[in-house]
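Chemist: Work out the full structure, taking the sequences as your base and the hints as a guide.
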Amino acid sequence: MKKILEVDDLHISFDTFAGKVQAIRGVSFDLYKGETLAIVGESGSGKSVTTRTIMRLLANNGHIDQGKILFKGEDLVHKTEREMQKIRGKEIAMIFQDPMTSLDPTMNIGNQVAESLRKHKKVSKKEALASALELLKLVGIPNAEQRLKNYPHQFSGGQRQRIVIAIALICYPEILIADEPTTALDVTIQAQIIELMKEIQQKIQTSIIFITHDLGVVANVADRVAVMYGGRIIEVGTSDEIFYHPQHPYTWGLLSSMPTLEMEENELYAIPGSPPDLLDPPKGDAFYPRNEYALKIDTLEAPPFFEVSPTHQAATWLLAPHAPKVTPPKEIVRRWRLYEQKTGLKQTALN
Amino acid sequence: MNQVAMPNKLLDVQNLKQYFHPGQENEVRAVDNVSFHIYEGETFGLVGESGCGKSTTGRSIIRLYHPTDGEIYFNGEDISKLKGKKNMQQFRRDIQMIYQDPYASLNPRMKVQDIIAEGIDIHGLAESDADRNQQVNDLLELVGLDKSHATRYPHEFSGGQRQRIGIARALAVQPRFIICDEPISALDVSIQAQVVNLLQELQRKKNLTYLFIAHDLSMVKYISDRIGVMHFGKLVEVGTSEEVYRFGLHPYTESLLSAIPLPDPDYERNRRRVTYQAPKEDGKERSLKEIASGHYIYCSDDEVPFYQKKLEQKKRQ
Chain A
1 MKKILEVDDL HISFDTFAGK VQAIRGVSFD LYKGETLAIV GESGSGKSVT
51 TRTIMRLLAN NGHIDQGKIL FKGEDLVHKT EREMQKIRGK EIAMIFQDPM
101 TSLDPTMNIG NQVAESLRKH KKVSKKEALA SALELLKLVG IPNAEQRLKN
151 YPHQFSGGQR QRIVIAIALI CYPEILIADE PTTALDVTIQ AQIIELMKEI
201 QQKIQTSIIF ITHDLGVVAN VADRVAVMYG GRIIEVGTSD EIFYHPQHPY
251 TWGLLSSMPT LEMEENELYA IPGSPPDLLD PPKGDAFYPR NEYALKIDTL
301 EAPPFFEVSP THQAATWLLA PHAPKVTPPK EIVRRWRLYE QKTGLKQTAL
351 N
Chain B
1 MNQVAMPNKL LDVQNLKQYF HPGQENEVRA VDNVSFHIYE GETFGLVGES
51 GCGKSTTGRS IIRLYHPTDG EIYFNGEDIS KLKGKKNMQQ FRRDIQMIYQ
101 DPYASLNPRM KVQDIIAEGI DIHGLAESDA DRNQQVNDLL ELVGLDKSHA
151 TRYPHEFSGG QRQRIGIARA LAVQPRFIIC DEPISALDVS IQAQVVNLLQ
201 ELQRKKNLTY LFIAHDLSMV KYISDRIGVM HFGKLVEVGT SEEVYRFGLH
251 PYTESLLSAI PLPDPDYERN RRRVTYQAPK EDGKERSLKE IASGHYIYCS
301 DDEVPFYQKK LEQKKRQ
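If you read the sequences in order, they're chains A and B.
Here the working numbering is used: position 71 in the first sequence is 71, and no number is missing along the way.
Here the working numbering is used: position 265 in the second sequence is 265, and no number is missing along the way.
Please note that the accuracy of each hint is not assured.
Said to hold, decoys possible - Covered stretches of chain B, going by a simulated chain A footprint (3 or more residues, C-beta under 8 Å): (1) 183–193; (2) 196–202; (3) 281–294.
Derived from the structure by calculation, the hints contain no laboratory data.
Glycine is no exception: its CB is placed at the ideal position from the N, C-alpha and C atoms.
Modeler: In structure tokens:
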């Protein structure tokens with residue numbers, strides 16, 4: 001598969017009154033053509049900052065301290081604002097979380113959808129509006145012809161998000177970044193929007209980076225999953241590997257703290273404590289204060305990535321050659337057994 | 001939480017109607033003829049999409065609105081028509097509320113101890129300042145915070161901690177019944193489980209009764225004993241959470257259940273979403289009818305056998 005985006009050892013910090021917040025502390029990942037990569041993590045884990053940096057939309061107090069973002073062989077970190085404007089919306093487009101605030105209330109939706117086409121490609125207004133209409137039909141706005149002249153407030157939340165998606169897609173971008181596109185929507189509408197995004201992805205073969213904290217949504221959309229914690233990626237793998245064969249105690253905690261259908265009436269697992277303060281990040285593994293499986297070395301040194309399979313890596317000392325064998329929580333054991341059935345790979349840790 | 005013998009109906013809502021702008025052109029029937037009851041010590045979950053009237057129902061019960069019509073019995077007494085400051089005060093001690101947004105529901109200019117003790121002060125529950133402090137400290141400890149937090153301000157806390165402060169405030173007046181209006185929707189996944197566990201622990205310790213309003217069906221199923229599904233101001237299905245979740249009968253419940261994403265890729269690959277189409281208006285009178293013991297569906301008289309058959313089929317599968 002063709003690599004389309006390569007993020008390499010990215011470090012980002014923000015200057016605040018309280019000091020320097022190290023929001024991203026060495027993030028690397030690849031994005032392949034036509035795939036959906038989900039980035040999951042809690043608020044403050046750095047998932048939105050990472051993707052905003054790809055778009056070079058950091059706030060003024062944010063700095064890229066180190067790292068490369070290679071898109072088609074070119075480093076986006078060193079692009080000027082002018083050069084970025086040619087990429088934004090055309091080659092890399094973004095869908096924002098809140099459809100209520102990401103549309104211009106004073107502009108009719110026909111012009112809003114056509115705007116980026118007019119900006120990036122030499123087309124007449126008429127042609128642009130015709131493409132806008134076509135796309136609005138594609139995203140499922142009923143009576144699109146009549147509604148081109150309507151304003152955002154005349155649409156429901158789900159419809160507005162469809163319009164935002166249409167805006168992002170009008171130039172057929174190579175990469176679509178969706179930052180919690182369904183968090184503000186009801187479950188039934190959420191399901192519709194996700195189905196729509198998948199359908200369109202198949203049609204135009206775009207790669208999607210999908211940011212969310214909802215693991216249910218991830219299970220539905222993702223080909224691969226990256227889990228972030230404390231400004232780092234702590235585990236990355238295919239969707240099956242992350243959901244059925246997770247290795248990092250934080251991923252264990254996340255999966256165990258969601259109720260599932262099979263769950264019995266016992267207490268829900270809760271990860272104790274709260275996320276780390278990135279003004280002064282812990283010296284070792286950022287998760288160790290909340291980690292009941294923490295080893296002594298976790299307090300001293302951040303773990304490197306250990307390879308579980310060619311597509312699956314996790315940054316936890318539990319995978320080091322001489323680490324003690326631990327039994328993961330019950331819910332994870334259940335998932336490992338499913339993985340054993342699916343792949344036929346014996347899970348030695350279970351015996 | 002299994003019901004032993006026949007428990008006492010702590011809250012009994014009958015034909016509750018909450019209309020806004022009644023009789024005018026822009027009349028909104030936010031809650032339309034809703035009836036349900038909650039037993040003492042149980043958790044009743046109310047689910048539905050935004051705008052279905054679930055929060056309005058909660059707010060009408062606690063009298064943040066004046067119900068347009070209907071009765072709300074709390075412990076046998078009709079509270080929908082309570083008048084007078086004294087009656088209202090007693091009622092507000094018995095019923096408390098935990099709000100959705102932990103950022104907006106705490107006054108940023110008040111110290112945590114004053115936020116928590118506001119109810120104690122209003123109802124005169126503390127004998128002295130020392131007693132008031134003691135009560136605040138006990139409450140903080142009860143919800144898993146430290147007593148040193150008492151002199152701080154809300155902005156110094158994370159979302160999960162603020163929600164704990166909100167819970168401590170609700171508990172300060174020793175209520176019997178708490179309305180939880182989406183108490184975990186604004187929190188991170190790892191913190192949601194902490195708050196849900198806390199609510200359950202408090203329920204066991206203090207024999208509390210909850211009305212749990214939420215749109216996250218999997219969490220509602222986990223925490224509730226019984227569930228009511230709302231759609232367009234009407235309660236369309238009521239039953240034990242197990243029953244509604246596994247054998248949801250009303251087409252709207254089926255559609256809602258089929259839309260929940262679960263953290264399981266295999267399940268997601270095979271999930272078939274059912275879309276709900278509201279039936280055409282056929283002039284038939286519909287209301288909640290008991291299809292099986294404790295399982296109610298919003299339907300007309302002649303639809304009852306249809307649903308009974310459907311339930312049988314589902315149970316056989």
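Chemist: In terms of beta carbon proximity below 8 Å, does the region 281–294 of chain B have 3 or more residues touching chain A?
Modeler: It is violated: at least three residues are needed, and the region 281–294 of chain B offers just 0 whose Cβ sits closer than 8 Å to chain A.
Chemist: Checking C-beta pairs, does the region 196–202 of chain B have three or more residues closer than 8 Å to chain A?
Modeler: It holds: at least three residues are needed, and the region 196–202 of chain B offers 3 whose Cβ sits within less than 8 Å of chain A.
Chemist: Are there at least three residues in the region 183–193 of chain B whose beta carbon sits under 8 Å from a beta carbon of chain A?
Modeler: Our answer is that it holds, as 6 residues pass the Cβ test (under 8 Å) against chain A, meeting three.
Of the numbered hints stated above, the single one contradicted by the structure is hint 3.
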